[in-house]
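A.B. asks: Which chain is which? The protein sequence lines are A and W, in order. Under my numbering, the residues of the first sequence are numbered 856 to 1092, in order. Under my numbering, the residues of the second sequence are numbered 924 to 1146, in order.
Calculated from the structure, these hints are not laboratory results. Backbone N, C-alpha and C fix where the C-beta goes; we use that ideal spot for every residue, glycine too. Among the hints, erroneous ones may be present.
Straight-line Cα separation of at most 20 Å, PhoX-like style, residue types lysine-lysine; simulated pairs [stated by the list, open to error]:
{"#": "1", "chain 1": "A", "residue 1": "K1017", "chain 2": "A", "residue 2": "K1061"}
{"#": "2", "chain 1": "A", "residue 1": "K1092", "chain 2": "A", "residue 2": "K1009"}
{"#": "3", "chain 1": "A", "residue 1": "K1062", "chain 2": "A", "residue 2": "K1092"}
{"#": "4", "chain 1": "A", "residue 1": "K978", "chain 2": "W", "residue 2": "K1043"}
{"#": "5", "chain 1": "A", "residue 1": "K1017", "chain 2": "A", "residue 2": "K1041"}
{"#": "6", "chain 1": "A", "residue 1": "K882", "chain 2": "W", "residue 2": "K961"}
Label-pair ranges, simulated between beta-carbon atoms [claimed, not checked]:
{"#": "7", "chain 1": "A", "residue 1": "H899", "chain 2": "W", "residue 2": "I976", "range": "13 to 23 Å"}
{"#": "8", "chain 1": "A", "residue 1": "P907", "chain 2": "W", "residue 2": "S957", "range": "46 to 56 Å"}
{"#": "9", "chain 1": "A", "residue 1": "A1021", "chain 2": "W", "residue 2": "R1034", "range": "51 to 61 Å"}
Beyond 12 Å from chain A on every Cβ pair, some chain W residues (computed) [what the hints assert, rightly or not]:
{"#": "10", "residue": "M987"}
{"#": "11", "residue": "E1046"}
{"#": "12", "residue": "W1049"}
{"#": "13", "residue": "F1085"}
{"#": "14", "residue": "S1112"}
{"#": "15", "residue": "R1113"}
{"#": "16", "residue": "L1120"}
{"#": "17", "residue": "L1130"}
{"#": "18", "residue": "L1135"}
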Amino acid sequence: MDEHNEHRAREYQSRGVVPFWPEHLLKELVVGLVAVAALVVFAHFTPAPLGPPADPGDWAFQPAPDWYFYWVQSFFDVGGYYWSVLGLANLDWILMFAIPVVGVLVFMGVPFIDRYPERRLLKRPLMLGILLVGLSFFGYFTANGVYTHAQLTKAEPMAIYKASCATCHALGTLGNQKGVVQLNGKYIYPPPLTYVGDILTPTQIKKQLLSPVGGMPNLHLPPAAVTFMVRFLSAQK
Amino acid sequence: MWTRLVRWIDERLMVTPLWRDIADHPVPDHVNPSEHVKAFVYCFGGVTFLLIIAQFVTGMFLAMYYVPDLVNSYTSTSYIMHHVIFGAQVLAMHNWGSSLIIIMVTLHMLRIYWMGAYRKPRELNWIVGATLMLLMLGFGFTGYLLPWDEKAYFATQVGVNFVKYVPYIGNWLFYIVAGGSKIGAATLSRFFAVHVLFLPAGLLAFLGLHFLMIRRNGITGPY
Ligand code: HEM
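Modelling step: build the complete structure from the supplied sequences, incorporating the hints.
C.D. replies: Here you go:
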């Protein structure tokens, strides 16, 4: 076999080609193994993100797809908004079905759209255009999806405060500033949450939310809401 | 001894001609990264393939511990992370590997597009490649549900709801994809089967087609 290889190698060299094995594949494997090694190292320092177990009743959770799907969700969100502004809400199958199908067909049909005799991209203006439009599309909607998710996540604790806490607790000038009469007629003074981060540790806040003491009712907040509120309240200093 | 054993097997199997055919087929040196540094762009397809093999291996080990039901999908994933030797490493590699593959396939696709390498006779291979891309996204989507944590559940809920918009058959399609009228136990076992059996079968078939066609058509020459 060695004889065979040497013979081939010499013959191939004169033609400006190399045999697939071992000359080509080994070199390509080096590049590939660098990628795998990078993955091994990255994985060593970055554990897979595993959140709390799924709770279908968790109304506070802000769903987030894997990063390479953000554009899908964001496109349908943004598109859906303008679609309804245009009054096309009962034609939403066009936005949600027909447009994606056309997108996949364009993707699959690229070789048939490209009718230029030249192969250099700069000499194929239509294809360059499609590429730039495509890249901006994915770039914009990915960024928008990430941004929207961050905004929703940021707004969530305040919404929970207003819905679940504000009837009793003050937060700065927001919420209830007075005492509260309980069902049993007793009068209690729920403490303001304005500086709660200075007074209670995150663990104590969590404990108070999950099993309240001092006359506060159990709000039965879902896990995501508890996580949001613990982080939010600990920051109230 | 070893050579004799190999010869004995090969007399019956006759793979040597096949192997010689693969090993000896000439590869032009303009795609060889050690001949021209800028030829590294030709490696993206091969690197993707190697990463896919890595996903197969890590996935097979995860399947030894993972249990696809409502309670244990989460607890077994957590068990893998905290109690199985190398479990956290293997799970993290499988998790981040999917992202790396998406990046590599995209770079590979950009190389093809940039160089116009999908020209006749390679149009069909572009279509096969595009199908591979969709299959990889399918892996990502179905795999995301499997740990059954909050983000898995709610992201899948959002994603699967999109099929309801398919005209006429949308609701029926939702029923097929989710295995019921809402995301639940049936969805989980369905996604598991799709992730570890259906999609790999499709992936292998289309990878075979992709590689066969690369071999038949050769690699596109320099401009
Ligand atoms: C699972 C994902 C994929 C794998 C493992 C893969 C693998 C490969 C490999 C190893 C090559 C040889 C040249 C190179 O590495 O650049 C190749 C060529 C090719 N691939 Fe892919 N590919 C994948 C996805 C795609 C996608 C998404 C497309 C396009 C939509 C595509 C279109 C092509 C075409 C047209 C060629 C021929 C290129 C030429 O002749 O220069 N592939 N692929």
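A.B. asks: Confirm or reject each hint.
C.D. replies: To see whether the hints hold, each was checked on the structure:
1. K1017(A) - K1061(A): At roughly 18 Å apart (the allowed maximum being 20 Å), K1061(A) and K1017(A) satisfy the hint.
2. K1092(A) - K1009(A): Distance ~17 Å between K1092(A) and K1009(A) Cα, so the pair holds.
3. K1062(A) - K1092(A): holds, 19 Å
4. K978(A) - K1043(W): holds, 18 Å
5. K1017(A) - K1041(A): Measuring from Cα to Cα gives roughly 24 Å; hence the hint is violated.
6. K882(A) - K961(W): Given pair K882(A), K961(W) holds - Cα atoms ~14 Å apart, limit 20 Å.
7. H899(A) - I976(W): 13 to 23 Å: holds, 20 Å
8. P907(A) - S957(W): 46 to 56 Å: holds, 49 Å
9. A1021(A) - R1034(W): 51 to 61 Å: holds, 56 Å
10. M987: holds, 16 Å
11. E1046: Incorrect as stated: the minimum Cβ-Cβ distance to chain A is 4 Å, not above 12 Å.
12. W1049: violated, 5 Å
13. F1085: violated, 6 Å
14. S1112: Holds, because the least Cβ-Cβ distance between S1112(W) and chain A comes to about 15 Å, which exceeds 12 Å.
15. R1113: holds, 16 Å
16. L1120: The claim holds: L1120(W) sits with its nearest Cβ about 21 Å from chain A, beyond 12 Å.
17. L1130: Holds, since 15 Å exceeds 12 Å.
18. L1135: holds, 14 Å
Going through the hint list in order, the structure does not satisfy hints 5, 11, 12, 13.
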